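Engineer: Chains as they are written, first to last, in our numbering: chain V, 5 to 170; chain U, 5 to 170; chain Y, 5 to 170; chain S, 5 to 170; chain E, 5 to 170; chain B, 5 to 170.
Treat each hint with caution, since some may be false.
In this list, chains with the same sequence are indistinguishable; a pair is considered to hold if it fits within one copy or across any two.
Claimed, not checked - Distance condition first, Cα-Cα at most 30 Å in a straight line; then the derived DSS-like pairs of lysine-lysine: (1) 50 x 65; (2) 50 x 79; (3) 143 x 124; (4) 122 x 65; (5) 47 x 115; (6) 47 x 79; (7) 50 x 28; (8) 28 x 79; (9) 65 x 124; (10) 65 x 155; (11) 162 x 124; (12) 124 x 28; (13) 65 x 28; (14) 155 x 28; (15) 47 x 124; (16) 50 x 143; (17) 64 x 50; (18) 162 x 64; (19) 85 x 28; (20) 47 x 155; (21) 155 x 64; (22) 47 x 162; (23) 162 x 115.
Please keep in mind that the hints were generated in silico from the structure rather than gathered at the bench. All of these numbers come straight from a predicted model, not from anything done at the bench.
So you can see what is in the structure, the chains are spelled out below.
Protein chains: 6
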Amino acid sequence: MKGSKNMENFFDHMEEHEDVNMIKLEVNIDDISSEWLGYTMDKLLKEGANDVFYVPIFMKKNRPAYMMQVLCDQKILENIKRIIFEETTTLGIRYYPVTVHRLGRRFVERKTPWGVVKIKQGIYNGQIVQESPEYEDCKNIADRHQIPLKKIYDYVWKKGYKGKET
Amino acid sequence: MKGSKNMENFFDHMEEHEDVNMIKLEVNIDDISSEWLGYTMDKLLKEGANDVFYVPIFMKKNRPAYMMQVLCDQKILENIKRIIFEETTTLGIRYYPVTVHRLGRRFVERKTPWGVVKIKQGIYNGQIVQESPEYEDCKNIADRHQIPLKKIYDYVWKKGYKGKET
Amino acid sequence: MKGSKNMENFFDHMEEHEDVNMIKLEVNIDDISSEWLGYTMDKLLKEGANDVFYVPIFMKKNRPAYMMQVLCDQKILENIKRIIFEETTTLGIRYYPVTVHRLGRRFVERKTPWGVVKIKQGIYNGQIVQESPEYEDCKNIADRHQIPLKKIYDYVWKKGYKGKET
Amino acid sequence: MKGSKNMENFFDHMEEHEDVNMIKLEVNIDDISSEWLGYTMDKLLKEGANDVFYVPIFMKKNRPAYMMQVLCDQKILENIKRIIFEETTTLGIRYYPVTVHRLGRRFVERKTPWGVVKIKQGIYNGQIVQESPEYEDCKNIADRHQIPLKKIYDYVWKKGYKGKET
Amino acid sequence: MKGSKNMENFFDHMEEHEDVNMIKLEVNIDDISSEWLGYTMDKLLKEGANDVFYVPIFMKKNRPAYMMQVLCDQKILENIKRIIFEETTTLGIRYYPVTVHRLGRRFVERKTPWGVVKIKQGIYNGQIVQESPEYEDCKNIADRHQIPLKKIYDYVWKKGYKGKET
Amino acid sequence: MKGSKNMENFFDHMEEHEDVNMIKLEVNIDDISSEWLGYTMDKLLKEGANDVFYVPIFMKKNRPAYMMQVLCDQKILENIKRIIFEETTTLGIRYYPVTVHRLGRRFVERKTPWGVVKIKQGIYNGQIVQESPEYEDCKNIADRHQIPLKKIYDYVWKKGYKGKET
Numbered sequence: 005m006k007g008s009k010n011m012e013n014f015f016d017h018m019e020e021h022e023d024v025n026m027i028k029l030e031v032n033i034d035d036i037s038s039e040w041l042g043y044t045m046d047k048l049l050k051e052g053a054n055d056v057f058y059v060p061i062f063m064k065k066n067r068p069a070y071m072m073q074v075l076c077d078q079k080i081l082e083n084i085k086r087i088i089f090e091e092t093t094t095l096g097i098r099y100y101p102v103t104v105h106r107l108g109r110r111f112v113e114r115k116t117p118w119g120v121v122k123i124k125q126g127i128y129n130g131q132i133v134q135e136s137p138e139y140e141d142c143k144n145i146a147d148r149h150q151i152p153l154k155k156i157y158d159y160v161w162k163k164g165y166k167g168k169e170t
Numbered sequence: 005m006k007g008s009k010n011m012e013n014f015f016d017h018m019e020e021h022e023d024v025n026m027i028k029l030e031v032n033i034d035d036i037s038s039e040w041l042g043y044t045m046d047k048l049l050k051e052g053a054n055d056v057f058y059v060p061i062f063m064k065k066n067r068p069a070y071m072m073q074v075l076c077d078q079k080i081l082e083n084i085k086r087i088i089f090e091e092t093t094t095l096g097i098r099y100y101p102v103t104v105h106r107l108g109r110r111f112v113e114r115k116t117p118w119g120v121v122k123i124k125q126g127i128y129n130g131q132i133v134q135e136s137p138e139y140e141d142c143k144n145i146a147d148r149h150q151i152p153l154k155k156i157y158d159y160v161w162k163k164g165y166k167g168k169e170t
Numbered sequence: 005m006k007g008s009k010n011m012e013n014f015f016d017h018m019e020e021h022e023d024v025n026m027i028k029l030e031v032n033i034d035d036i037s038s039e040w041l042g043y044t045m046d047k048l049l050k051e052g053a054n055d056v057f058y059v060p061i062f063m064k065k066n067r068p069a070y071m072m073q074v075l076c077d078q079k080i081l082e083n084i085k086r087i088i089f090e091e092t093t094t095l096g097i098r099y100y101p102v103t104v105h106r107l108g109r110r111f112v113e114r115k116t117p118w119g120v121v122k123i124k125q126g127i128y129n130g131q132i133v134q135e136s137p138e139y140e141d142c143k144n145i146a147d148r149h150q151i152p153l154k155k156i157y158d159y160v161w162k163k164g165y166k167g168k169e170t
Numbered sequence: 005m006k007g008s009k010n011m012e013n014f015f016d017h018m019e020e021h022e023d024v025n026m027i028k029l030e031v032n033i034d035d036i037s038s039e040w041l042g043y044t045m046d047k048l049l050k051e052g053a054n055d056v057f058y059v060p061i062f063m064k065k066n067r068p069a070y071m072m073q074v075l076c077d078q079k080i081l082e083n084i085k086r087i088i089f090e091e092t093t094t095l096g097i098r099y100y101p102v103t104v105h106r107l108g109r110r111f112v113e114r115k116t117p118w119g120v121v122k123i124k125q126g127i128y129n130g131q132i133v134q135e136s137p138e139y140e141d142c143k144n145i146a147d148r149h150q151i152p153l154k155k156i157y158d159y160v161w162k163k164g165y166k167g168k169e170t
Numbered sequence: 005m006k007g008s009k010n011m012e013n014f015f016d017h018m019e020e021h022e023d024v025n026m027i028k029l030e031v032n033i034d035d036i037s038s039e040w041l042g043y044t045m046d047k048l049l050k051e052g053a054n055d056v057f058y059v060p061i062f063m064k065k066n067r068p069a070y071m072m073q074v075l076c077d078q079k080i081l082e083n084i085k086r087i088i089f090e091e092t093t094t095l096g097i098r099y100y101p102v103t104v105h106r107l108g109r110r111f112v113e114r115k116t117p118w119g120v121v122k123i124k125q126g127i128y129n130g131q132i133v134q135e136s137p138e139y140e141d142c143k144n145i146a147d148r149h150q151i152p153l154k155k156i157y158d159y160v161w162k163k164g165y166k167g168k169e170t
Numbered sequence: 005m006k007g008s009k010n011m012e013n014f015f016d017h018m019e020e021h022e023d024v025n026m027i028k029l030e031v032n033i034d035d036i037s038s039e040w041l042g043y044t045m046d047k048l049l050k051e052g053a054n055d056v057f058y059v060p061i062f063m064k065k066n067r068p069a070y071m072m073q074v075l076c077d078q079k080i081l082e083n084i085k086r087i088i089f090e091e092t093t094t095l096g097i098r099y100y101p102v103t104v105h106r107l108g109r110r111f112v113e114r115k116t117p118w119g120v121v122k123i124k125q126g127i128y129n130g131q132i133v134q135e136s137p138e139y140e141d142c143k144n145i146a147d148r149h150q151i152p153l154k155k156i157y158d159y160v161w162k163k164g165y166k167g168k169e170t
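Just chain V, same shape as in the assembly:
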């Protein structure tokens, strides 16, 4: 957050803010194949949903089922509902507004012996409260060099946070 270091490069950041335009949708699903649920999750994320996840629930008539939850901006609410009605067997979708408080985000780059790894920093009230290596970058290195994913994360963490490099 101070000056850039030679091991790090700033290339993106987003301000901390409260988003009052978010919607949470919920659908109870008890007569659909799980294969379709994996497919529907992908389609909703491609459409622009912020998040999609499944919660195990127990419904009437001894039905073990899942509740699908979707977070999206109200601007795309109709598209999201359309995809849910077209790809699942549900006859109803419930939804309600939620506020989302998002931290400021910034990406820095860290060099490792195997390539560059992006670090995502979370900024709260002007302070960095989070730092975590980007999963996709670590995964690519692990796959390419046949090194346990754990070790890539180790190296990145070891190189320090908040400027405390060794």
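Following the hints, put chains U, Y, S, E and B in place on chain V, whose structure we already have.
Structural biologist: This is chains U, Y, S, E and B only, laid out in the frame that chain V set:
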């Protein structure tokens, strides 16, 4: 939705709509027997709740518990709360309004070698996006004729959707 | 356990024992409707399975699924497998032997103002370590007399355990 | 609720009410150790949160995760958010208002051969609909006297509810 | 199962059998990021594990956690254990032998207006008890032609099972 | 594993081994308060069980329930069963033998500005494959110095693994 076919009979339908009078209630339950939870679910559904289901949760003091969720129209909110307070051991119920977008519904009948099966169709923007055989009808046939439930569904699906009969 | 009391009647008991003939079956289900799972559970219990239950699991390709577990005596293993293959879409069933240590069981009857309730006692090393009212009896009274199920249990518990009647 | 009995002492009660100032917060957590989640739960409860619990969820990229839910009064919303951002790795928190209907509460004391146990009563529309022994009191007696926790509860229940002492 | 039809082509089958060489491994994971769990699942499946899945569990010290379960042939047990120890933070793995009863498998091809879909059939005691379209084939068609996945399955089912084509 | 460093001290280690004397016990619990389950978990761990955890399951008659699983050495099997029968309401316990492959364990100490933190290392085939700070040590420092738990872990990780100190 078009004309009736000789294999099918229309006898009911409900318009697509957005219901803004729905309430979602939530209760965390950590000191009650599961036997009572099965009983309470039935009682709430008989009272007119649209849906009742259980979600596994992990509470403080290492308590594996369940959150009961109930969907109901605000008109019966007080009755629903009364039943929950009388039948469970909870000391508090939280609730909030939700909007429910329901598809238009229509029932058609399909003849099978073993009897009639009702099909429920879901209509979105004037199009049929869902069709599924009514579980209770399929179950009765399966029990009566000692045929795997799977086979009853197979037969009904085979006979086609959206008018594509063989 | 001592003598019978005028409020209680003995009419059944089963010895504590270790059963070495039990089998646990497990099936991962990710392409079947939950409606069928409720149906299959009933069918397996009717066939003589000791217990059937569902566990939420997360499978590959982002599939939220369920593992069905069945407990049965090895004598009916083939029938149980047949029902699972016929009623679900699974292509494989895994199973292994388990030992079950069962408490001695005895039923006593307790009179209440609304009728008789059976109490099931569990006996371990000759001592009663459990007592619980039979759910079905309590439920019938609750339904018939429109009394919260909780209150039926309260009355029965109040009347004491292990002979400590008031 | 009538007069005090010699076996019981009244020493506290809170009126039944509807609380419209409550907030429910939700955080999806998929890159944090469970060790930290147990720690964060304690910290939030110490800060004044009414309740904290975890729900299993299945997220994208085959990530089995947990949703942490927190109930708190809107007065401490900022403090609660601060703790979540500082102690977990989340980059966003979603929240929305909920209404909580709380029963009237009253504590009575009951003497047992091993010491005093507080009973918490729940009052709905002027009627006692709940009574349950305080867990901490029963636990202390069980630990101190090496008696199964079950037996402490048995004794307390046997001594009656709503004044029906034997 | 008898003769081939012009709409179907046989190209593979596997006999029904009981496999007595299978191992089930279990690992309780409470101090690892979910990101790594998704990665580990992939790696184990690439290595030859028959199945990998996650079960939500609640551990001591209020830790919401996951149990990873792996099914594999005993021949690759050591490789599977090695991957688990290298990619996760666990200090121990428990495992035990299980028997797996697998149905006979056969693939047939079905032509659709959009391309060929493989159907997997399950054979039990010489009878076809299962038929389900291969997910990957249906998914590819759905993606390529922008048709809801549901409709691809509908078409395939409609075309019949066990030779009952329309 | 090589020589000791001035920042680290060796004081304990346990050899990698396969334990063939372990038992897994399972109990389905559907008529007991969650308060008791937290209590029972503690009691079993005090008695010497290696691990105790809860799995959400869905049982017959619409009962959301939990399966308690316990890992213990066969030497204490009878004690463990006794506690389960005395503290829960179950009438039966199922169990079976499992093999547990445990990594070699070694503790090293690392100095931090706030005190000493023990690191637990896991050794597989003579190699260190794991290292993680002891939770209790990190927690104590976090509580005492009012520092987020995350930061204590950060510092310890930064100081390196496998001898790569800065």
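Engineer: A separate judgement is required for each hint: does it hold in the structure or not?
Structural biologist: Here's how the hints hold up against the structure:
Taking the closest pair of Cα atoms, residue 50 and residue 65 come within 30 Å of each other only across two copies (13 Å); inside a single copy the shortest separation is 34 Å, beyond that limit. In this homomeric assembly, residue 50 and residue 79 come within 30 Å of each other (Cα to Cα) only inside a single copy, at 15 Å, whereas the closest approach across copies is 38 Å. In the homo-oligomer, the alpha carbons of residue 143 and residue 124 lie at most 30 Å apart both inside one protomer (15 Å) and across protomers (25 Å), since each shortest distance falls under that limit. When the C-alpha separation of residue 122 and residue 65 is checked against a cutoff of 30 Å, the pair qualifies only between copies, where the shortest distance is 19 Å, while the shortest distance within a copy is 49 Å.
In this homomeric assembly, residue 47 and residue 115 come within 30 Å of each other (Cα to Cα) only across copies, at 25 Å, whereas the closest approach inside a single copy is 34 Å. In this assembly of identical chains, the alpha carbons of residue 47 and residue 79 lie at most 30 Å apart only when taken from the same copy (17 Å versus 37 Å across copies). In this homomeric assembly, residue 50 and residue 28 come within 30 Å of each other (Cα to Cα) both inside a single copy, at 17 Å, and across copies, at 28 Å. Taking the shortest alpha-carbon separations for residue 28 and residue 79, both the intra-copy value of 13 Å and the inter-copy value of 24 Å come in at or below 30 Å.
Taking the closest pair of Cα atoms, residue 65 and residue 124 come within 30 Å of each other only across two copies (18 Å); inside a single copy the shortest separation is 46 Å, beyond that limit. In this assembly of identical chains, the alpha carbons of residue 65 and residue 155 lie at most 30 Å apart only when taken from different copies (20 Å versus 48 Å within one copy). In this assembly of identical chains, residue 162 and residue 124 lie within 30 Å of each other by CA distance both inside one copy and across copies; the values are 16 Å within and 17 Å between. In this homomeric assembly, residue 124 and residue 28 come within 30 Å of each other (Cα to Cα) both inside a single copy, at 25 Å, and across copies, at 27 Å.
Proximity of residue 65 and residue 28 under a CA criterion of 30 Å is satisfied in both settings, with 27 Å inside one chain copy and 20 Å between copies. For a Cα distance limit of 30 Å, the shortest separation of residue 155 from residue 28 across copies, 27 Å, qualifies, whereas the shortest one inside one copy, 37 Å, does not. When the C-alpha separation of residue 47 and residue 124 is checked against a cutoff of 30 Å, the pair qualifies both within a copy, at 25 Å, and between copies, at 25 Å. Taking the closest pair of Cα atoms, residue 50 and residue 143 come within 30 Å of each other both inside a single copy (21 Å) and across two copies (15 Å).
In the homo-oligomer, the alpha carbons of residue 64 and residue 50 lie at most 30 Å apart only across protomers (12 Å), although the nearest pairing inside one protomer, at 33 Å, exceeds that limit. Taking identical chains as interchangeable, the C-alpha atoms of residue 162 and residue 64 lie at most 30 Å apart only when they sit on different chains, with a minimum of 28 Å there against 51 Å within one chain. For the identical chains of this complex, residue 85 and residue 28 are neighbours both inside a copy (11 Å) and across copies (19 Å), given an alpha-carbon limit of 30 Å. In this assembly of identical chains, residue 47 and residue 155 lie within 30 Å of each other by CA distance solely across copies; the values are 15 Å between and 33 Å within a copy.
For a Cα distance limit of 30 Å, the shortest separation of residue 155 from residue 64 across copies, 23 Å, qualifies, whereas the shortest one inside one copy, 46 Å, does not. Taking the closest pair of Cα atoms, residue 47 and residue 162 come within 30 Å of each other only across two copies (25 Å); inside a single copy the shortest separation is 37 Å, beyond that limit. In this assembly of identical chains, the alpha carbons of residue 162 and residue 115 lie at most 30 Å apart whether taken from the same copy (12 Å) or from different copies (16 Å).
The structure is consistent with each of the numbered hints, conforming to all of them.
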